[in-house]
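Trainee: These protein sequence lines map, in sequence, to chains A and X.
The first sequence begins at 1 in my numbering and counts up one residue at a time.
The second sequence begins at 1 in my numbering and counts up one residue at a time.
Possibly wrong hints are sitting among the right ones.
[To be verified] What follows is a set of in silico ranges between Cβ atoms, one per label pair, in the way DEER data are often shown: (1) P9/A <-> D62/X: 41 to 51 Å; (2) S30/A <-> I12/X: 24 to 34 Å; (3) A80/X <-> S7/A: 16 to 26 Å; (4) T20/X <-> L47/A: 19 to 29 Å; (5) E61/A <-> T5/X: 33 to 43 Å; (6) A2/X <-> G85/A: 20 to 30 Å; (7) E52/X <-> A1/A: 46 to 56 Å; (8) K78/A <-> A2/X: 29 to 39 Å; (9) Q41/X <-> L47/A: 13 to 23 Å; (10) G28/X <-> S80/A: 27 to 37 Å; (11) S7/A <-> E51/X: 32 to 42 Å.
[To be verified] Facing chain X, from chain A, some residues (calculated, C-beta under 7 Å): (12) Y25; (13) M45; (14) F64; (15) A87; (16) G102.
[Said to hold, decoys possible] Listed next, the stretches of chain A that the computed footprint assigns to chain X, with coverage defined by at least 3 CB atoms under 8 Å from CB atoms of chain X: (17) 66-74; (18) 80-86.
Worth flagging that the hints you see were computed from the coordinates, not collected in a lab.
Please read these numbers as outputs of a predicted model, since none were measured by experiment.
For every residue, glycine included, the Cβ atom is placed at its ideal position computed from N, Cα and C.
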Amino acid sequence: AQTVTQSQPEMSVQEAETVTLSCTYDTSESDYYLFWYKQPPSRQMILVIRQEAYKQQNATENRFSVNFQKAAKSFSLKISDSQLGDAAMYFCAYSAGGTSYGKLTFGQGTILTVHP
Amino acid sequence: DAGVTQSPTHLIKTRGQQVTLRCSPKSGHDTVSWYQQALGQGPQFIFQYYEEEERQRGNFPDRFSGHQFPNYSSELNVNALLLGDSALYLCASSLRPSGVQLVEAFFGQGTRLTVV
């Protein structure tokens, strides 16, 4: 069974600074996808960034980038130039590919606090 | 585009009762997945529907059942409610898994179920 582990229950960062959230996963699949989702107090889960396992290049989306270490099964999220609106619960998630795609396995989450 | 809509937003039920939660997927999406999110935890996958059939299922008892209608909307039914069923229930929509295009899931704002 696939597992996703987030070892940082809480993180904090100063506005405009950079923070990195950690995630490790375990799978025997070769075709899979990794995601970071953000869940603000409004409860709606919002996709931040997606990484395909077959791609060696790390995904980036504006201020958000990942460090995907496939051999180590590590998938960290870096938020640059942090903004007050980045404060939320962040979840790392995994999905196998093929017909199993869409069954997301989530980590326990990391609460990110942004200080002005 | 209304995105993924769920109803109701909040619900209080008594132990032993039955509950039905509803989800309308984002326009253009044909696949609906349901998740249970306990307070302070990551979401847990319940099941996924497309073409009006259950396609994948997580580790949930048979008390949890679902249905998908021809217009792709979906219902989650929980029978014989337990106190432990109290949680946020999230619906996510996407396109059915295929080797051609894998579309990320869009989430609704969830239904908060409280069992007393």
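Trainee: Decide, hint by hint, whether the structure agrees.
Mentor: Evaluated hints:
Evaluation of the 41 to 51 Å hint for P9/A and D62/X yields a failure: the beta carbon distance comes to about 33 Å. In this structure the hint that S30/A and I12/X lie 24 to 34 Å apart at CB is violated, the actual value being about 46 Å. With their beta carbons about 36 Å apart, A80/X and S7/A fall outside the hinted range of 16 to 26 Å. In this structure, T20/X and L47/A meet the distance hint of 19 to 29 Å, their C-beta atoms being roughly 28 Å apart.
Checked against the given bound of 33 to 43 Å, the beta carbons of E61/A and T5/X, roughly 26 Å apart, lie outside it. The supplied range of 20 to 30 Å is met by A2/X and G85/A, whose beta-carbon atoms lie about 23 Å from each other. Separation of E52/X from A1/A is about 28 Å and departs from the stated range, judged on CB atoms against 46 to 56 Å. Distance hint check for K78/A and A2/X: the Cβ-Cβ separation is about 33 Å, which falls inside the suggested range of 29 to 39 Å.
Between Q41/X and L47/A, the C-beta spacing of about 19 Å keeps the proposed range 13 to 23 Å intact. Evaluation of the 27 to 37 Å hint for G28/X and S80/A yields a pass: the beta carbon distance comes to about 32 Å. Separation of S7/A from E51/X is about 39 Å and conforms to the stated range, judged on CB atoms against 32 to 42 Å. Taken as an interface hint, Y25/A does not check out: its beta carbon lies about 13 Å from the nearest beta carbon of chain X, beyond 7 Å.
At a threshold of 7 Å, the smallest CB-CB gap from M45/A to chain X is about 4 Å, leaving the interface hint in force. For F64/A, the suggested interface contact is broken, since its CB lies about 14 Å from the closest CB of chain X, more than 7 Å. At a threshold of 7 Å, the smallest CB-CB gap from A87/A to chain X is about 16 Å, leaving the interface hint violated. Checking G102/A against chain X: minimum C-beta separation of about 6 Å stays under 7 Å; hint holds.
Residue count for the stretch 66-74 of chain A with a Cβ under 8 Å from a Cβ of chain X: 0. That is fewer than the three needed, and the coverage hint is violated. Given a C-beta distance limit of less than 8 Å, the hint that chain X covers the stretch 80-86 of chain A is violated, as 0 residues qualify and 3 are needed.
In the structure shown, a violation is registered for the earlier hints numbered 1, 2, 3, 5, 7, 12, 14, 15, 17 and 18, in ascending order.
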